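Chemist: Sequence order for the protein chains is Y and U.
Residue numbering for the first sequence follows the UniProt record's numbering, starting at 1 and increasing by one per position.
Residue numbering for the second sequence follows the UniProt record's numbering, starting at 1 and increasing by one per position.
A few of these clues could be false.
To be verified - Simulated crosslink set (BS3-like; lysine-lysine; CA at most 30 Å straight-line):
hint	chain 1	residue 1	chain 2	residue 2
1	Y	73	U	163
2	U	163	U	398
3	U	398	Y	73
Treat the hints as calculated values from the structure; they're not laboratory data.
Source: prediction; values computed, not measured.
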Amino acid sequence: MSNSPATHDIEQALKQYVAREILDGKDIGLDADTPLLEWGVINSLEIARLLGFVREQFGVVVPLESVTAEHFKDLRALTGLVASLKG
Amino acid sequence: MQLADLVISAARSRADAPAVIGPDGALTYGELDALANRLARALARRGVVAGDRVGLWLEKSGRGVAAMQACLRLGAVYVPLDPLSPAARVAGILGDCTVRCVVTTEARRAALAAADAPAELAVLHVDSDWHEVLRESADSLPPPARGPDDLAYILYTSGSTGKPKGVCISHRNALAFVEWAAEAIAADSQDRFANHAPFHFDLSVLDLYVAFLAGAAVALVPEGLSYAPRRLVEFVREHAISVWYSVPSALALMMEVGELSAAAAPTLRAILFAGEPFPIKPLRRLRAGFPAARLFNLYGPTETNVCTYHEVTTLADDRSAPVPIGRACSGDEVWAVRADGERAGPGEEGELIVAGPTVMLGYWGQPPQRGPYATGDIVRGDDAGEYTYIGRRDHMVKIRGHRVELGDIEAALLQHPDIREVAVAVRGAGIDARLHAFVVAPPPAELSLLGLKRHCAERLPRYMIVDDFTPVTALPRTGNGKVDRLALARLAAASSSTSGEQP
């Protein structure tokens, strides 16, 4: 995945969402490689909400078969998924 | 009779029938039997003999199921470990019950070594040693010289002081429950069981062993599917699952997000749930969504497996009370004891006491459990002899069916250099249950939720990671100086978190 401006914007929007809606508003230490599942930042309930955000924000519907731990393990993976679906 | 005999006997009568359908492929009973024999020989080569403990730390798989059977065939005791737990916690458990050998992967073994796992530990790698396993003979092994009251497996649960406790289950304990459950749901060889719970969670005992007793197939739900409840519903349909058993919160999510119903999953004929109370609204939806299926509410701490049950038949539209945990099963006797030590009568609250064949041998490394087991659960009996769960008498809570001692989380948080005092409260219930930490961290410390989550993740299972925290200058205390848990619960409930709402 090339780090194009569009990709950067997606990552920033996702990061803000996670900091605001799931964390305590702070994004200290939250970066593209922060392990979201391993550190218990998101779980199955939060993934369902995150999918809603992705749909509204980017107009992208994540297909069921792409809802895997691999795609949600960190912001880099999730950004890559959204960018590839936006095409 | 031993737990190992269930697969051995199904392999004799139904060798070509499917036994386990895992993410790593399907095994017939004949194949599972052969693989268990090969793995048993590979374990024996690593020094495992009858009575030894063997840790299993790997993703859910057919290989993992075969490894359990291999241990039993040697008379060894398997210890299933949470694949999502950090290596440090797993290493602590391996040391606690002094395992002889651990069955795991190369990557996990490296993590254990880095976490100071006992150096003398033998390892059977399910990846790099697999060719060696397949070269072993598949012939039957002589039955081990073990009796029904010997240990079959150990399940570790959260301990109040920060040290996990190993619940020791004998062959008799496990079989008493498995035989009761098979009869209660009328399991037969045409059934297809789903295994949703991880292997270190006692719900998996029903999925695996009731299927094996009936000679039926069990399909293992891969861990990652729980991130997408709709995919869980697809799993049920694809595998034509007839018996489902999970915590209520998983079923609630499958209905809410995955539109689970008889139309989506027509083969489901029995749905069982345990681990936490099922809130009445989603339960009513489940009842309405599956008019023809049998629904069972099962109850029992890990220490007693399942000791009571209630079959949910009809639910009145205006019912707001939770369904009962029901009456004794698995050959057990249950009763309630009031705070003054007298037996509670109908309508009276008391602590539920369990006696009978499913009561554990004891905790590993502690004196044996003698006589009835006091569950710590407060219940109320009715005139018909059915019990209803009221609450806990201590600080144990349930997070999506996982039992959590708040003291276990507090002990881990106290290891944080900036935290002087801490108390954890739980907010909400079922899928909305959240762990809220109140921390005393004097300036200049500045804590972040992400930092605390990371701290927890390095020490605790994933379901014990805190969801929210509030810095406080002092913890609320009662007149005699104890942490005021009621005040904390109120503070947690009142905290204006952005993340506690329903989606």
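Chemist: Could you grab the alpha-carbon distance between residue 73(Y) and residue 163(U) and see if it respects the 30 Å cut-off?
Modeler: holds, 28 Å
Chemist: Need the status of pair residue 163(U), residue 398(U): alpha-carbon distance at most 30 Å?
Modeler: holds, 17 Å
Chemist: Are the Cα positions of residue 398(U) and residue 73(Y) separated by 30 Å at most?
Modeler: holds, 25 Å
Consistency with the previously given hints is maintained throughout, with no hint failing.
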